[in-house]
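S.K.: Below are the chains, spelled out letter by letter.
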Amino acid sequence: MHHHPEALIYDLQEKARQIRLDVLDMVYRRGAGHPGGSFSSAEILAALYFHHLKIDPGRPDWPERDRFLLSKGHAAAALYSALARRGFFPVEDLEQWGHLGAHLQGHPDRIKTPGVEMSSGFLGHGLSIAVGMALAQRYKGPRYHIYVLMSDGGVQSGVAWEGALTASKYRTSEVTVIMDYNDVQLDGAAHDIMPLEPLLDKWRAFGFATIEISGHNMRQVLEALDAALEIHSLPTVIVAHTTKGKGVSFMENTAKWHGAVPNEAEYALAKAELKGYQP
Amino acid sequence: MSQMPQRQAYGMALADYGDLNPDVVVLDADVSSSTLTRYFAERHPSRFFNMGVTEASMVNVGVGFALAGTVPFVNTFAALLTLRACEQIRTCVAYANTNVKLIGGYSGLSDYKDGPTHFAINDVALMRAMPNMVVVSPADNVEAAKMVAAIAERDGPIYMRISRAVVPDVFDDSHQIHLGKGVIVCQGSDATIVGSGSMVGRCVQAAAALARENIHVRVLSLHTIKPLDVDMIRQAAEETGALVTAEDHSVIGGLGSAVSEALASHYPAPVEFVGLNDTFAETGPDPDTLMDAWGLSVNDVVEAARRAVRRKTR
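Protein chains in written order, with the working numbering: chain A, 688 to 966; chain B, 1168 to 1481.
Hint data in this document are derived by calculation from the structure and do not stem from the laboratory. Glycine included, C-beta positions come from ideal geometry on N, C-alpha and C. Mixed in with the good hints, there may be bad ones.
Derived list of chain B stretches under chain A, where covered just means 3 residues or more per stretch with a C-beta under 8 Å from a C-beta of chain A [as the list claims (entries may be wrong)]:
no.: 1; segment: 1215-1223
no.: 2; segment: 1230-1239
no.: 3; segment: 1260-1274
Extracted from the complex, chain B is given alone in its bound form (with noise of 0.2 Å):
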């Protein structure tokens, strides 16, 4: 496992990226010691705009520099920027179809030490629900650092959500990632565990373990999940049979009812979900320790995949 936080491999790739493309510009709301666009602050500061604690009129802001011509990456923390500027994100991003790029810092429970005001559980189910927008959940650092190209160059609003923490390694430097479409991870024809963001990487452990039961699951990865890949989702139905989703969010909105909606329109099947059934959890120890504790281990998954085997009905 890298040893660096998803968060410091965003910022780093944003500053490496700001090289590149004179038109990105950076802002955030007084916490890019956090998020680390400070990387970016530091290589580019005339493209540097620290707004204070301002969530609101930033993402305005931001919509002035993408009506303007530039690209604006705007940040906070996931959970201040999708309820404080909610609003402005429905009405001045994904209504106006503005070219802003929302990040999401210290998604799910990875701020863990701060507790349950500070951690985000639905912003994935409030940008979903945001026509227009799209919705990317990067599973590692791999795929958070080529991310920041990939929904530069593509044109409209995005919302990307990323760990405070340490994901576990799920791809090499030469992974390819194209938005809306999902990564087998792993092949296995016993059901299917589709993962998003630091989830992936225990979905994989958890394959391997139910590997040495005689259990061989499919991995999907899915960074984007909006659009949802529905055709990788259908055939893993199809050839399956049974669906496990997991996420660091709350089982209501996110991955696990994006998933669901999509099979329960083209090829209904068995889904379980592994996430925070309705609750805003607790500050804890450690990331790990944390998600282990409320509902998100290894063996969650494990426990949902060994269930969902046992619902199959073809």
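The following block holds chain A by itself, in its conformation from the complex (with noise of 0.2 Å):
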């Protein structure tokens, strides 16, 4: 285990605060996207992309390095922004996020923009495909680590679990899954629209070594990631509690901002919230 030392701590927790800004900027800009599931992954994928992943934003098809899929494409935005503030492009693209003609899709494309490995936008392919690339590694090569970020809507379909079945089946500790537990989706609460839950015993039973933190917590985040690479015989799940809209506060926990658009004055609050909000 890595000692996290606090500038570090410090500096990614910066990190995701710009993150949401990115992420509100550009919802606002376009007047399209989804806000609510992009800021409740903004501390895993500032922890991934700015800490713990092996990439190299000057080599996008680096063999080497470390895949991440976004499985849930909604959160395009935060990932978008992940990769301009990381170096992949310039950061003045993400203002042309769904102009005709620009590399930044609605969802992630893994054909237009550097950087992204899998394009996605429908729920739940994400694990199945990390599997594959674990099992092609072994017969080929190089070794790498393969991260899956996961929403509670993608867990709730069958082709995530025939997933894990087969993860369980070749036991891929290659594949680590984040699950990024906000509790909120499209029509309402996960718990309500199709409950969850006992969903540690879930992933244990089908296979899954778990691992269960807050997901706006830094440290229990980065101490998570470094974990799962200790478990050598068995895919690891990390489920992180989560908060739909985190950093702003009426966004927070509502269905309603799974894909909204804030007005001006919206705009203006969640502005204001998000640079003064402390974790």
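Could you use the hints to bring the two separately framed chains together as a complex?
M.R.: The following block contains the structure:
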């Protein structure tokens, strides 16, 4: 287990703040997007892209790089911010999100956007894709780790659990699933729409090692990512309890902000809250 | 006629090709003893992955293999592959343009004994409608075997359908295949019969029968339904004036539709369709009897050609 100094924690928290501010600007400017589930992923993405992942923005095709699959593709804005701020493409490109001819699509497109490992949009695909990558590298190499960020909605899909069966069969310890468990989906609370509990029991029954954290506690996120690398016989799921819309009071824990756009006053208020947010 | 089912020709060729190309991996959804990817599994066990009944996930696992630089052949019954995993194919193979080879076994009515749940009568329609997807339907065992290397060595998403049944031989071992290029099986000027898959042999038999009536038809074999060899179709329309399409598939969305779309844009001409007429068909005693009973007989092709000739205006 690595020691994570306070300065690193502080720096990554600021990166998460920048992701949220970028997402707010992008959704407001474009008049479309998914702020709630982007905000809930901010610390996880900051930890991955600015510390944990073995990546090189100058070489997006570097064969030994770690792979990150955004299975919850509706958090595209947060991913785009992380990629731009990490140097995969100019930050100014974020202003072109959704424009005709722009490389930033509504949901991630691996062909168009540097650093996007896999296209996504419809939920639930990432885990089984990651298993294929794990099995291929055992045969062909090189070795790398694969991270999949899933939402609670995605974990409702049958294909996700088919992927879990397969990960368990082949004991793909090369795969770490991070579940952004904000418990709010498009139509309402996940525990009302289609309950997932007892969720940790389900993952364990499907052959996964489980780690449960607060997905907004940067130290816990970093320690969980490190701990998953020490598990060599099983795939791991990090169940990260998060808050949909985290950082903006009126967006928190409400399905309304799954895919809504703030008006001018809401935008100003949200921006002020994000700038003042203290983790 | 070879007594070897087309699936066996494919399965043996895949195992052989595995010797030559170490990047090829094979996935199957608990039907390797039926698709005959079992031959590959026996010869290359470290590169064979049995996914059980997880068709949707299997396609995604194949996508992961492709993203990691291997060449996955993803196999199950054509109807299961293209229907149950349709969204995975759309999003993760076609849209993401991943190098996945989708192999649909038990095409058309060839799984005669299992009935309509197991028939694949709209797989070509579905796969043809996917941007980036190449759609292949080999005419016989020679084409099925040679297609393995051809599709493995062409980058990008490809769907290939393979019959469970013994299909008539059309070509000998000297036959060369070029993806996207049709094959003129025999020349003629009175009309053109365009066939794909297991219907090509029946089209050749129909041409022989028509010749006895002094109707001389051209027979085209299209192993590649997409991209369609538009030049060859257009030339046939110009030179013969009327066409018949014949396919072991619904008349909605398959070869006949593809040919008609091309003609409508480039050289309108009468077209008669031989295929399943918007029906699920039924269980039968053997593939040939079933095909004959449901409008896919040699005589159905002959009658369609006669109608096409009568409709000629130039």
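S.K.: Between the segment 1215-1223 of chain B and chain A, are there enough contacts, at least three residues with CB-CB distance under 8 Å, for the coverage claim to hold?
M.R.: holds (count 5)
S.K.: Are there three or more residues in the segment 1230-1239 of chain B whose C-beta lies within less than 8 Å of some C-beta in chain A?
M.R.: Held - the segment 1230-1239 of chain B has 9 residues with a Cβ nearer than 8 Å to chain A, which meets the minimum of three.
S.K.: Tell me whether the statement that chain A covers the segment 1260-1274 of chain B is true, taking a Cβ distance below 8 Å and needing three residues at minimum.
M.R.: Answer holds; 3 residues pass the 8 Å Cβ test.
Hint violations for this structure: none, all hints satisfied.
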